[in-house]
Amino acid sequence: MATGCPFALDIFAAGTERPEETGAQHDFPLMPVGKAVDMGQAPDGAPLFDPRILQSAEFMRNPYPYYRILRDHYPVYHDRLHNTYYVTRYEDITRCYFDDEGFNTIPKGSSSGVLGNTQLELSGVEHRRRRNLYGQHLVGQSLKNRIPAIQRQARNMIAAWERIEDPAVVAERGGVYTVELGQAFANEFPIRVVCEVLGFPKEAQDDFYYWYNSMMSGLGGSETHQQGLQARQHLEDYVAGMVEARRKQPTYLYDEAGNPISKDIISKLCETKVDGDYLSTEEITSNIALVVGGGGETTRGAILNMWRLLLEHPEQFEAVRQDDSLWDAAFHETLRHSSSIGGQPRHNTYDLVMHGVKVPAGSLMEMVDFSANHDERVFKDPETFNIFRSDLYTGKILRSGYNKDGRRNHMAFGVGPHLCPGAWISHQEAVEGSRILLQHLRNPRINMERMPKDIDGKSLAPMGIVSVRELHLDYEPA
Amino acid sequence: MADTDLRIIGANGVAIPEGTHGEAGHRTYEVFQRERVGQSTAKIKPMQLVSKSFADDPYPFLEILRENYPCYRDWLNNCFWITRYNDVTSVCADDANFETRAKAWHLGLEGFGADLSQALPVLTAHANACDGHAERLADEAVADFAGRGEADLAVEFAARFAMQLWLALLDVPEADAGSVAERLWRLRRGVNWDPRARQAGLAAAHELRDYFAPLLEHRRQAPGEDLVSAVAGLETAAGPATAADLVSTLLEMDHETLHGGLANLWCLLLTHPDEFAKARADARHVKLAVLETLRHSTPVLTAPRFARHEVERFGRLLPKGALALCSAAAANRDPRIFAEPERFIVGRTDICHREARGQYRADGLATGVTPALGPPSRHPAVPEDRPRSRYALTRDTLVTASSVLLERLSDLRLAPGTEPRLNCRRLGEMHTCWHLPVCFSAR
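Sequences listed follow chains A and B, in order.
For what it's worth, this note's numbering labels the leading residue of the first sequence as 1, then goes sequentially.
For what it's worth, this note's numbering labels the leading residue of the second sequence as 1, then goes sequentially.
Be aware that a few hints might be false.
Claimed, not checked - To give an idea of the chain A side of the interface with chain B (calculated C-beta under 10 Å), a few residues:
hint : residue
1    : Ala8
2    : Ala13
3    : Gln233
4    : Thr349
5    : Pro462
Said to hold, decoys possible - Okay, the calculated bits of chain A under chain B, using three or more residues with CB under 8 Å as the criterion:
hint : segment
6    : 35-44
7    : 48-61
8    : 112-119
None of these hints come from the bench; they were simulated from the model.
From the three backbone atoms N, C-alpha and C, an ideal C-beta is built for every residue, glycine too.
Could you build the full structure based on these sequences and the hints that come with them?
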């Protein structure tokens with residue numbers, strides 16, 4: 001009783017999908033910077049967004065056209081592959097950052113596994129009670145008092161530079177010196193400053209580099225998680241004895257004249273009470289781990305990115321050289337254009353609807369600071385680096401954010417209750433450090449030969465979403 | 001997440017439910033998330049769990065998880081992998097702490113229509129179609145290739161039979177069978193992270209709604225025994241059921257276990273001649289082969305469950321809203337439950353032969369976990385006032401179809417030189433055999 005199948009069986013035939021559809025790993029072609037790869041089109045003409053792009057090499061080097069697709073077409077994008085919602089517009093992110101109750105930071109972050117319990121994971125009053133445990137050392141008068149020490153650190157590091165190079169080689173090059181700014185300065189400078197503020201002895205500085213590197217690259221889910229946990233354990237072993245000692249005998253930070261400014265952060269944490277109880281050694285270590293992790297990479301990236309962007313825009317570099325006060329604007333425009341922190345995770349406390357997307361309570365909502373900083377609704381011509389832009393606020397960093405006279409704050413430090421506590425000191429490090437660098441470097445320019453190249457083999461590799469790893473400079477000593 | 005519970009505020013439409021402001025997002029400081037050296041999960045990388053290798057053969061990866069990290073925190077994919085049998089079944093059965101989100105949510109089709117898949121008339125229509133048409137449709141499918149001496153069982157039998165049962169269930173006029181089958185297929189495959197598949201699935205939902213709207217009205221006047229008539233006779237909160245409700249109902253029903261189970265069953269039988277001999281020798285063993293297939297190679301690999309509130313399980317804190325990815329595939333090969341779990345054994349003695357009750361067990365024995373069929377039914381195995389459970393229906397239909405194949409064809413064997421295998425065509429889709437070339441002699 002053969003009847004024939006009433007429908008075509010070829011709908012079931014394997015191989016009807018493109019091979020790249022099978023798995024979640026997919027090599028997207030590398031596009032010219034600023035152009036997005038074609039990920040398909042919805043019936044209404046809107047571009048589709050393939051969540052796998054977020055894990056691709058293409059995205060790492062060329063993220064902004066993809067964020068633009070999200071901002072324009074999916075301001076709240078539900079990534080069903082990674083079980084995440086991405087929020088990409090400046091105004092939305094600002095609202096969420098200020099709403100500490102609706103968008104919480106309960107311990108789900110990938111950092112807590114390695115760093116331990118810190119205020120990153122807390123919300124509301126519990127967060128506020130701990131936020132300023134060490135934050136007070138990094139702001140205001142106590143920061144001002146520290147500036148000479150920061151400057152001294154910078155001078156000491158730079159002083160050694162020319163001694164490294166062989167004079168004969170330099171003479172052959174016509175007196176031109178070459179330096180890799182990362183290795184020679186930016187990698188280590190923030191660490192030295194943080195070490196000093198924490199109250200770590202000098203000999204701890206080598207370990208420090210390993211701690212912060214391993215912990216930050218070993219956060220949950222990374223390939224190097226094991227090293228991250230090991231580094232955290234080493235840090236704890238190192239700090240435990242120190243904490244016990246400082247509970248009895250606090251140590252101090254001194255100004256240039258040798259007068260004590262205040263206790264160092266570890267000594268301060270040792271005598272701090274929260275909810276009527278002293279902090280445990282575990283809690284202190286977790287806080288130290290957070291300072292170690294937060295204080296290195298971010299500032300390093302800011303310094304390198306700032307120098308690269310300025311040197312790529314010689315007229316702006318010249319303006320900064322002429323007018324020392326423009327360093328602040330250069331710093332903030334750098335962080336707007338290319339910061340080293342991509343965003344912050346939040347979890348919505350309640351079921352909510354945002355831009356028509358229903359988000360069930362407890363979902364991971366990734367606030368994409370990168371995208372906020374390039375939101376053309378706020379910053380005109382956002383891909384352009386321009387320290388003179390009239391829509392960016394470049395004054396003192398404010399927890400309340402800034403929205404006056406057509407100027408807005410950038411989002412690199414976040415805003416609201418969880419504003420980065422290291423914002424002010426990192427600003428001082430980058431700006432003071434750069435001032436001193438500029439005094440030392442005559443006619444600095446990028447050594448194109450040694451720099452990593454983009455796919456065309458000629459132009460500089462784009463900065464993408466990771467900060468510049470190396471910056472080779474030619475200069476003549478001043 | 002009913003709309004009525006939401007209060008809309010603000011310019012960009014953030015909505016907060018009424019009366020929940022007291023329950024702030026703050027939590028106590030004591031819950032500790034820090035991991036120690038030795039607790040690292042270095043034996044697996046999250047990227048492996050979404051790789052092409054995983055889509056092809058997930059079992060080696062799942063074994064690493066099950067034996068080392070029974071509640072694995074997958075940061076990349078933002079979920080917790082639950083892999084041991086007792087853990088998986090406890091989360092699947094625990095509706096107080098965990099919820100299953102509708103396929104409509106996964107597809108992004110919330111609010112399209114009401115899910116009536118648990119309504120008694122719908123269940124009855126489903127049971128009638130399975131009991132009334134399965135044997136005939138299997139017969140027809142076999143008859144179409146019996147004279148050729150060779151066939152692709154995955155396509156010409158498993159896929160075709162399962163789809164034709166859908167068309168019989170809906171009583172679609174033959175002239176429309178082609179377009180409806182193609183749309184149903186597209187709708188099913190749209191429940192996926194791939195944006196192109198999703199768009200195609202959403203389009204299929206709308207096309208199906210437009211197609212069924214006149215048919216539904218017609219059958220409201222002149223009802224038959226089919227699913228369209230059953231839905232037409234139902235009321236939803238918004239009034240008489242519409243074609244959109246019908247499509248939403250279709251979406252939530254099982255699409256994978258019958259098709260994938262049938263293909264996997266025959267793939268396993270043909271690659272395990274000793275086990276195949278058992279099924280041929282004794283008709284009773286066909287059912288046992290079905291049960292063992294659903295254990296050994298379940299077509300639906302995972303059951304995504306979401307924590308309704310913060311809950312401490314498996315030594316970890318699962319925050320509110322956390323995704324507990326219950327791996328049926330890993331649980332079904334848990335050596336704590338099944339001896340020699342990697343082996344396909346028809347008639348194994350450590351699997352329950354009756355339909356499981358409660359915690360996935362009957363007679364003290366465990367059953368294979370089949371996520372798409374839902375948790376074990378609370379009703380008696382042979383209820384008097386309602387049809388058998390979806391699990392029982394699917395199992396019986398698999399047995400019926402396979403028995404027909406056994407009766408009609410003799411000397412059934414793999415086509416020479418073929419090595420059939422199971423895989424997911426796209427990550428997250430069913431894990432089944434897509435190509436099963438066989439030769440035989442017709443009886």
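task: Using Cβ atoms only, decide whether Pro462 of chain A comes closer than 10 Å to chain B, and label the hint accordingly.
output: With Cβ-Cβ at 24 Å, over 10 Å, it is violated.
field: Agreement of hint Gln233 of chain A with chain B interface, Cβ distance less than 10 Å
entry: holds (5 Å)
message: So is the segment 35-44 of chain A in contact with chain B by the C-beta rule, three or more residues under 8 Å, or is the coverage claim wrong?
response: Held - the segment 35-44 of chain A has 4 residues with a Cβ nearer than 8 Å to chain B, which meets the minimum of three.
field: Hint validity - Ala8 of chain A Cβ closer than 10 Å to any chain B Cβ
entry: Because about 6 Å separates Ala8 of chain A from the closest Cβ in chain B, which is inside the 10 Å limit, the hint holds.
- request: Can you take a look at whether the segment 48-61 of chain A is actually covered by chain B? Rule is 3+ residues, C-beta closer than 8 Å.
  value: With 5 residues in contact (Cβ-Cβ under 8 Å with chain B), the coverage given for the segment 48-61 of chain A holds.
query: Is the interface hint for Ala13 of chain A satisfied, with its Cβ closer than 10 Å to some Cβ of chain B?
result: holds (7 Å)
task: Mind taking a look at whether chain B covers the segment 112-119 of chain A? Criterion is 3 or more residues with CB to CB distance under 8 Å.
output: holds (count 6)
- prompt: Can Thr349 of chain A be said to touch chain B, with a Cβ gap under 10 Å?
  reply: OK, holds: Thr349 of chain A within 10 Å of chain B, min 4 Å.
Figure legend: structure checked against the earlier numbered hints; the only hint not met is number 5.
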